[in-house]
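Trainee: Sequence:
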Amino acid sequence: MSMSWTAPGSTAGAEPSTAPDTERSGPPPYGAPDGGRPPGGPRRELAQSMPLFPLRPLGLGEVLGAAVRIYRLRARSVLGVAAAVYGVAFVVLTFVTGASMVPMIGDMQSMMTDPAATETGGALTTVRDAVLMILSSAVTMIITMVASSLVTVALTQVAMGEAVGRPVSTAQMWATMRRRGLPAVAVGLLIGVLSLVVFLALSGLGMLPVILLQEASWLTVLPLVIGVVLGALAVLWIWARTVLAVPSLVLEDVGVLGALRRSLVLTRGRRLWRVFGTALLLYLLYMLAVQVIGGVFGTVAVIVYMAILLASSLEAIVLGMIVLTIISMAGSYAATFLLAPFLSAGFVAIYADARMRHEAWDVELLRRAREAWDADGPR
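Here the numbering used here is used: the first residue of the sequence shown is 69, the next is one more, and so on.
Simulated from the structure, these hints should not be mistaken for lab results. Hints may contain errors.
[What the hints assert, rightly or not] Pairwise CB distance ranges (calculated): (1) A206 - I279: 15 to 23 Å; (2) I202 - I294: 14 to 22 Å; (3) I294 - E427: 37 to 45 Å.
Yeah, the Cβ is synthetic: ideal placement off N, Cα and C, and Gly gets one too.
Put together the whole structure using the sequences plus the hints.
Mentor: What follows is the structure, given as structure tokens:
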């Protein structure tokens, strides 16, 4: 009697085994539920698919990644609003810079025509030029801070919409600008004026020995240096405590004082150092990139300026200064509006990280992302 051959260790007549339906050769497709996990409830795994930044406490690389990724997701919208806002700001700054340079240009022309007359009023001229430079720098700082606040208003809405899977249209972005623009300007002005007053107060205290003794020695110069350093540190501290005010203004629908209060809450105690360190690194990277782009325009401006002087035998100093200023300002404008979205999106990511880390905001954001997923499906 013949018998069919069977492999050792197997049972005769057993049916061929088939792979279980639950086993897969790879991860589940994007958006599909994981068979090994219970359905329902917000899950942190969903954060891995978010396009701007994960909906969980963020690392430094993820904050910087969000600042860069905003260009890939919404380049036209964010660059458009930055170009418009900084365009107005730089028109004002150009007039301010030009007005502050008028006395200096006049002094240069007087020195070229009559050097002896210039020497008699040298001290007064130096003091006047120093005061004009300080006032011009103060106005520039405040205008730049206001413009940055306006751009951050738009970027806050856009960035959070991309993070939770609910993209904000360009029309909605401009509507947010119109609705929250004036409060954002008030926040920027308040922070700028407060920083300026604190800096001038501390620097003025350090300047008292020079004013009273009317001589320059280490006893009078050292307090001035200490006052300037303390003023700069105080301004840096104010900036670190209020850097999250504009995102709070937009996302929490509070007023000017409420936004400042929320920023103080999110940066109190040990929370300050993480926010301050990340924001400072972000700002330094921003300034480095601005200087690189602006330096290219500055080099071109100097070449054109020297060419004008050589072509006119040093006669067209005023024309050369005007051309130099225009090209330099154009370079600063191009660098600023191109890189403003990087800075603003990074600040929004820092705000989101602070709230997710200390207020469990990621649970709320994951719920919103899941609702957007259920409503729209895979993007």
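Trainee: Give a verdict on every hint.
Mentor: Structure-based check of each hint:
Between A206 and I279 the Cβ separation comes to about 20 Å, which falls inside the hinted range of 15 to 23 Å. Look at I202 against I294: about 18 Å separates their beta carbons, and that is inside 14 to 22 Å. The supplied range of 37 to 45 Å is met by I294 and E427, whose beta-carbon atoms lie about 39 Å from each other.
Going through the hint list in order, the structure satisfies each hint without exception.
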